[in-house]
Amino acid sequence: MNSIRKNRITDTLFNYLGIASTMFGLIMLAIFITNILIDGIARIDWQFLTSLPSRKPERAGILTAWTGTAWILGLTAVFAIPLGVAAGIYLEEYGKKNKLGTIIEINITNLAGVPSIIYGLLGLEIFVRILHFGASLMAGAFTLALLILPIIIVATREAIRAVPSSLREASFGMGATKWQTIWHQVLPAASGGILTGIILSLSRAVGETAPLIVIGALAYVPFVAKTPLDEFTVLPMQIFNWTSRPQHGFIINAAAAIIILLVLTFIMNGIAIYLRNRWQKRVKW
Amino acid sequence: MVRIKEKVIEGLLMTAGMITILTTLGIIWILFSESYGFFKEVHIVDFLSDTQWTPLFAQKHYGILPLLSGTLLVTFIAIMVALPLGIIIAIYLSEYAPANFRNKVKPSLEILAAVPTVVYGFFALTVVTPFLQNFIPGLSTFNALSAGMVMGIMIIPMISSLSEDALTAVPKSLREASYGMGATRFQTAIKVTVPAASSGILVSVILAIGRAIGETMIVTIAAGQQPVFTFDIRQSVETITAYIVQVSLGDVQHGSLEYQTIYAAGITLFLFTFLLNNISYFIKKKYQEKYE
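These protein sequence lines map, in sequence, to chains H and R. The first sequence begins at 1 in the numbering used here and counts up by one. The second sequence begins at 1001 in the numbering used here and counts up by one.
Same shape as in the complex, but just chain H (with noise of 0.2 Å):
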């Protein structure tokens, strides 16, 4: 055999190789998804969505989880979103040139990288303790939010980025000021690239349980949350709960619970690549 047969047959194994690997990862996917399904499938009816946490598993229900989900969706929201886009449009807008756009921008990068039970421990300290807000939802959403931030300022600024300065210079040439650019003109521009980042920084607190547990959410909250200075419980940390337990009516709720999550999880996400294609179809500078 010469060598150029053996070059064009070792490149061709590697292309299947490739496909190998690239299904691999899919396929695991696939097997996961179908045991959670054949699991927790059965189990899901209106009496799971609407029962309180019970020490028997077939009486058990999600009512307190997801409800406390919702919640802390909302206030992580109503938290994050407005400081993420605003810190986004200073390092883009206005910090670019100068030592402290630098100095944030290194920082953010690093935030990016700090495990999220390290921000648990931040939570538990600041707003647990010193801000007294005791593990209550607006304790968690605070927590969530600072987790979340780094991914909502890096989208805003992708986005702002891709706005061509034709657009900005036809706007000053009209006499705007700077705001009223960034605001009539950048801000609807790259609306899409930031919803894109900011539901996928949504979906990511929705799945978090470490931070919660380290700020001293409970897994066993008898009540729905009324106020978000009540105590609270979500999805992940019920699923958690629920794994941990010897009993295998609860590893069947877990696996009920589990699918409710991803369906949450795979909407949020699946509206967010939507999103991000749309624009990028609908945009052409």
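One or more hints might be untrue.
To be verified - Estimated spans, in silico, between C-beta atoms of each pair: (1) Asn277(H) / Gly1255(R): 10 to 20 Å; (2) Leu1022(R) / Ala162(H): 23 to 33 Å; (3) Ala162(H) / His1254(R): 43 to 53 Å; (4) Ile27(H) / Gly1138(R): 20 to 30 Å; (5) Leu167(H) / Asn1103(R): 24 to 34 Å; (6) Asn277(H) / Arg1234(R): 39 to 49 Å; (7) Arg1234(R) / Gln247(H): 18 to 28 Å; (8) Val1002(R) / Leu167(H): 18 to 28 Å; (9) Ala20(H) / Val1008(R): 38 to 48 Å.
Since the hints were derived computationally from the structure, they do not count as laboratory data. Computed from a prediction, not measured in an experiment: that's the story for all the values here. Here a beta-carbon is modelled for each residue, glycine too, at the ideal position from N, C-alpha and C.
Starting from the structure of chain H, add chain R where the hints point.
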């Protein structure tokens, strides 16, 4: 009037940016101040050299090594899974795959990174461990192997996406020169594009290691809570993150030495990820525009 408004708005936006700096300072301040109390009681040499970690038992030892070995063991397994797969996928997608296939596969792979980690933990404990127990005698219910493997699957897209970006950024002319010399796609990838994109690939691997070290729920659920100084992948181990969860779930008095141990563990974790982040940032800044 307009000018004042403009200044006020700029100030507000800057304040939002400052929050991120305050977050970092807050993290550093809290980790240092709380672990200061810990290191007054426990000598740093004991902390770094004692091979037992038993703060919650009667006979107390405060050696971080068992938690560190647990963390590094699981991380090592995860990287052994994710590194080859991630790089092969990256090379395949950038050099071989047709564009429309690539555009479909990339977002699908990223789903792997979007699945909540508690879900992966469930998968490792209820599917992967029972499956592996068929082949590996002596694999305990909680073990480093399944946790590491599942974590590896989770971080595949981190390595493949970033590496593929780096490979795609290599100028076409380099590839064409290689093809013109009669090289195959495989030879071009190994001899030309991968070396040219090596800094980007390295950054992706470092970031993935950082992610694996800080990952919490998979290891808490599937690797167990036994801080033993071992490199046996069949055994139950405890990572730094799993220990923090273990203490947080129990009720340990605020201000006690047991409580402060989670900050001592936290600062160890933070230093590792901080170091890795800065190495990757440095590599990125230094080699970024080499080929542009």
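Verification of the supplied hints:
no.	hint	in the structure
1	Asn277(H) / Gly1255(R): 10 to 20 Å	52 Å, violated
2	Leu1022(R) / Ala162(H): 23 to 33 Å	29 Å, holds
3	Ala162(H) / His1254(R): 43 to 53 Å	47 Å, holds
4	Ile27(H) / Gly1138(R): 20 to 30 Å	28 Å, holds
5	Leu167(H) / Asn1103(R): 24 to 34 Å	28 Å, holds
6	Asn277(H) / Arg1234(R): 39 to 49 Å	45 Å, holds
7	Arg1234(R) / Gln247(H): 18 to 28 Å	26 Å, holds
8	Val1002(R) / Leu167(H): 18 to 28 Å	21 Å, holds
9	Ala20(H) / Val1008(R): 38 to 48 Å	59 Å, violated
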